[in-house]
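Asker: Please construct the entire structure, taking both the sequences and the accompanying hints into account.
Note that the protein sequences, when read in sequence, are chains A and B.
Per the numbering used here, the first sequence runs over residues 170 to 223.
Per the numbering used here, the second sequence runs over residues 1040 to 1532.
Hints should not be assumed to be uniformly reliable.
Keeping only pairs whose Cα atoms sit at most 30 Å apart, straight-line, the calculated DSS-like set for lysine-lysine is [said to hold, decoys possible]:
hint: 1; chain 1: B; residue 1: K1196; chain 2: B; residue 2: K1404
hint: 2; chain 1: B; residue 1: K1404; chain 2: B; residue 2: K1064
hint: 3; chain 1: B; residue 1: K1196; chain 2: B; residue 2: K1301
hint: 4; chain 1: B; residue 1: K1080; chain 2: A; residue 2: K212
hint: 5; chain 1: B; residue 1: K1301; chain 2: A; residue 2: K212
hint: 6; chain 1: B; residue 1: K1390; chain 2: B; residue 2: K1066
Derived by calculation from the structure, the hints in this document are not laboratory data.
No experiment lies behind these values; they were computed from the predicted model shown.
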Amino acid sequence: MSLVVNVFNGGGKIMPSIIDLIIFFFPMWGILLLLLVFLSVTKPSTKKKGGEAK
Amino acid sequence: MTTPIIVFVIYMSALIGIGVYTFTKTKTYSDYNLAGRLNNKWVTALTAQAAATSGFMLLAMPGIGYSLGFGAIWIIGGILLGTFLNWAFTAKRLRAASEAMNAVSIVEFLEKRFVDNKGRLGIVSAVVVIFFMIVNASAEIVGTGKLFNAVFGIDMKTGTTIALIIVVIYTFLGGYMAVSYSNVIQGSLMFIALLIVPIWAIYQNGGLENVFSNIAATSPEMFVFLDRGDFWSTVSMITGGLGLGLIYFGMVHVLTGFMAIKDGEELRHSTSIAMVWECALLYGATFVGIAGKSLFPSISDPEQIFLVVSEHYFPSVIFAIFAAAVLAAILSSVGAYIIVAAAAFGANMIKRVISGNDEDVLNMKILRFQRIAIVVIALISYLMALQGGLVFTIAVFAAGGLGASFGPVVISSLYNRKFANANGAIASILAGGIVTSVWYYSGMSSYIYEVFPGLAASILTLWLVTKITGGPSPEAIERFDHYIAIYHSQKDL
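Answerer: If you want it as structure tokens, here you go:
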């Protein structure tokens, strides 16, 4: 069976490399990074209205 | 055979127990349709995710891992991005807006947001919601048939009948509260199953390297990200996967989950719980398929690989629990579909033909009809399910239909005061639903996923019809401003 062009896996090696695995998990670590950004942006203010610290 | 039966009987008894318990707790219309807006961050996250992912996660996703291998990256990416954007940009605003307008369902929310006094928007959206929820439920019920067939060897018809009776009983009794509580158990069970099964399957295979070398020897195309052999198959895989990210803004059963949280501020924590849960399950399910390909290279139905692996490598009691997890995944969604469809029916159709001065008495009357609607909707779904088919294909069509019909309307209702009016919303919902359905039934989905033309038609129609019909009314703009004021005051607290 011919291994058609696999642009991500290092010139057509049959076994996936560590790079392939990192790419395969990209949606997961990418989204978890986005989540961290979201959490830091939406972090509730620690100041009361008028600027007084809690 | 005895052990799985005992485990299933215990599990199903627990679900009926939840139905009976929540029946005693549901005193009002809001209790029945929105769990009284009392869900905490964990219940909200698990309810929404379990309802969103359904049998897809334990049947279709391992099947995709089995068939596509690393090509599943596009589906995983699409789902994760869509899920995240929905939680981050829709959840909190919708919670605030639905409370500001005292709406207990998405259909009721749209009707009030666009000040549709004639009720046309309510009826059109209710019909579209009910149609796609029935298609969705039928896809899931097909899954129950496969499950009972694989576990007990009984025919699909008997299996689907048993599952349907259980889900109708607990949804009928406890409404959305029963769906929420049972989804917490079901979401947890799914998480445990998809954590243990792939790890154990890879271990049994002698480690990940052995899994990969077995696959490399027989199916090296499994490691290809991009190329599926011919141009259109590749395009279909990529657009189909990424297109799944576009359906979430219109998934009415998930949006209902956002509305039911007690404190909108807790939604940021729910987002974290939901995303970690989703990542773990998607990769767990895919690796069940990949390890399964190495262990059982030629099974006839890839969507059964989770069950095949579980049965082969675990004692019968554990296998039965994992099989119950599959049932959990399916029932969690079917319950949500049915209650959301029945709520659309009750709030937007029955409300127009029943009259009364006392709102509580009126709502209790509507509830009685809604309970009858639950049984009818379940029966129609059951009859559709008897035709069989692939869970994945039917489920992504129904999800695409919901996404294309409601996504643009929901987003514009929350973010822009002038982009849409009631006429535009009606036209957009119809255009999205019709274009998606025509595209799917004409077989064009083999080239491009139906959500793309559906969404394009929906957005264009929303904008154009709103413009032609004179834009939103002053009352609709006022309602938007009122909700925005409440939303910002909650943020500032």
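Asker: Please go over all the hints and tell whether each is borne out by the structure.
Answerer: Each hint, compared with the structure:
1. A hinted pair counts as satisfied when its Cα atoms are at most 30 Å apart, and B/K1196 with B/K1404 does not qualify at roughly 34 Å.
2. Proximity of B/K1404 to B/K1064 is assessed by CA-CA distance (about 18 Å); at most 30 Å being required, the pair is judged to hold.
3. This hinted pair does not check out: B/K1196 and B/K1301 have alpha carbons roughly 40 Å apart, beyond 30 Å.
4. At most 30 Å may separate the alpha-carbon atoms for a hinted pair to count; B/K1080 and A/K212 meet this at roughly 16 Å.
5. Between B/K1301 and A/K212 the CA atoms are separated by roughly 19 Å; this keeps the pair inside 30 Å, and the hint holds.
6. The hinted pair formed by B/K1390 and B/K1066 meets the criterion: a straight-line CA distance of about 18 Å does not exceed 30 Å.
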